[in-house]
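*Asks:* One letter stands for each residue in the lines below.
2 protein chains.
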Amino acid sequence: MSAPAALIFDVFGTCVDWRASVARDVANAIPSVDAFAFADAWRGEYDPAMERIRSGGRGYVPLDDLHRENLDIVLDRFGASCADPDALNHAWERLDPWPDTVAGLTALKAGHIIAPCSNGSIALMTRLAKWGGLPWDCILGAEIARDYKPKAEVYLTSCAALRLTPGEVMMVAAHNGDLHAARAAGLLTAFVPRPTEHGTSQTTDLAADGDWNLVARDFNHLAELLS
Amino acid sequence: MSAPAALIFDVFGTCVDWRASVARDVANAIPSVDAFAFADAWRGEYDPAMERIRSGGRGYVPLDDLHRENLDIVLDRFGASCADPDALNHAWERLDPWPDTVAGLTALKAGHIIAPCSNGSIALMTRLAKWGGLPWDCILGAEIARDYKPKAEVYLTSCAALRLTPGEVMMVAAHNGDLHAARAAGLLTAFVPRPTEHGTSQTTDLAADGDWNLVARDFNHLAELLS
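If you read the sequences in order, they're chains A and B. Here the first sequence is numbered in our numbering, starting from 20 and rising by one per residue. Here the second sequence is numbered in our numbering, starting from 20 and rising by one per residue.
These are calculated hints, taken from the structure and not from any lab test. Misleading hints may appear alongside valid ones.
Pairs involving identical chains hold if they fit within one copy or between any two copies, as the list cannot separate such chains.
Straight line, CA to CA, 20 Å or less: simulated EDC-like cross-link-like pairs of lysine to aspartate or glutamate [what the hints assert, rightly or not]:
hint : residue 1 : residue 2
1    : Lys128    : Glu112
2    : Lys149    : Glu187
3    : Lys149    : Asp119
4    : Lys128    : Glu243
5    : Lys170    : Asp119
6    : Lys128    : Asp66
7    : Lys149    : Glu70
8    : Lys128    : Asp44
In this text the structure is predicted, and so the values were computed from the model without any measurement.
Input sequences plus hints: build the corresponding full structure.
*Replies:* Listed below in structure tokens is the structure:
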């Protein structure tokens, strides 16, 4: 493998602990519900909402707006109400990084361009970076492609925006499915497990299921492997 | 004036000294020419090249490619040759910040989203930030609008990407023309003079020529005014 010029990252789950962070804000805003169950249900609406856009059934809508629509769906399902759902929707901008994320990204930034390649919008990724101190060089991903991962267009548009070929760019993710799609688009791949993304009884993505270019224990280890 | 949530910046001339930096690389690559005259001529082709795109006579082409085309034009005009014009074109990614730029941006970043709103591409702005240590939160500007300043679309697309209204965003520039266009689009405005951008005999943009929301001596002063 030749050394990548840029590393692009999945964010929800890979860089930040969305579940515990969203549950914290849900617990504050809607004390009557099981906050983790609510967070899981809210996240559960994520993929179906994007699928309508990926399939062409709906034009590009930023994830901020999909989250807001999905919040109404989940409030209804839980029979719950929320004094200020618009404010609660900003929970997705207040997701805490995993303990190694900032140090690992900072080390990787010294030798590489680093950027999110997330389904989150530019606005969402920007505010999330300010919240957690994520030291991105730029924001790539769904919004510049106006489509959603795992469609190849999102990875390819992100590489093109850096004026790099896919073979010069490494996708870093805690989700094997993201890496399968990135590799099919020609990118290098690195897997970093996040075994508690879905809680302590998580059963998915506990280990690499593909022959990825790199498998690292965490972002600090990834920086060591690439140094 | 209400406090801006985000500050977006002109870059060439406002954040970085493109002229001395490009001249340095020209002097190394083409010792036979007057490096400052060559840099001025190269920059002189910038606006006409963008105007074809702004006027609809040509689709969006990133500034990196316009710079490369313009290099051939200027080499021909100077009767000069260059061993590796593609390498010289990367001079635009190696522009030194003004002495106050990094400290001022760092101070401003603590309380605001900061981003370039430049005619440079995402790739160019990303590499320029790494070269000079510009601590942007994200990269906005021409590429996400697929058009060039001073067209309103570039300012408006940059605000929309942050999910902010134009009135929540302040455009910072050393060029009155940029600020006139930004204000016409509804943005707040701040002027910071860069009286040697074009050399010691500069005659343009030495002072504010509009009733801008703020006029600051440099970026550190701007941070004081906004603190």
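*Asks:* Hints first: check each against the structure and report whether it holds.
*Replies:* Verification of the hints:
no.	hint	result
1	Lys128 - Glu112	between (22 Å within a copy, 17 Å between copies)
2	Lys149 - Glu187	between (27 Å within a copy, 18 Å between copies)
3	Lys149 - Asp119	within (17 Å within a copy, 22 Å between copies)
4	Lys128 - Glu243	within (12 Å within a copy, 29 Å between copies)
5	Lys170 - Asp119	neither (28 Å within a copy, 43 Å between copies)
6	Lys128 - Asp66	neither (30 Å within a copy, 33 Å between copies)
7	Lys149 - Glu70	neither (29 Å within a copy, 36 Å between copies)
8	Lys128 - Asp44	neither (31 Å within a copy, 25 Å between copies)
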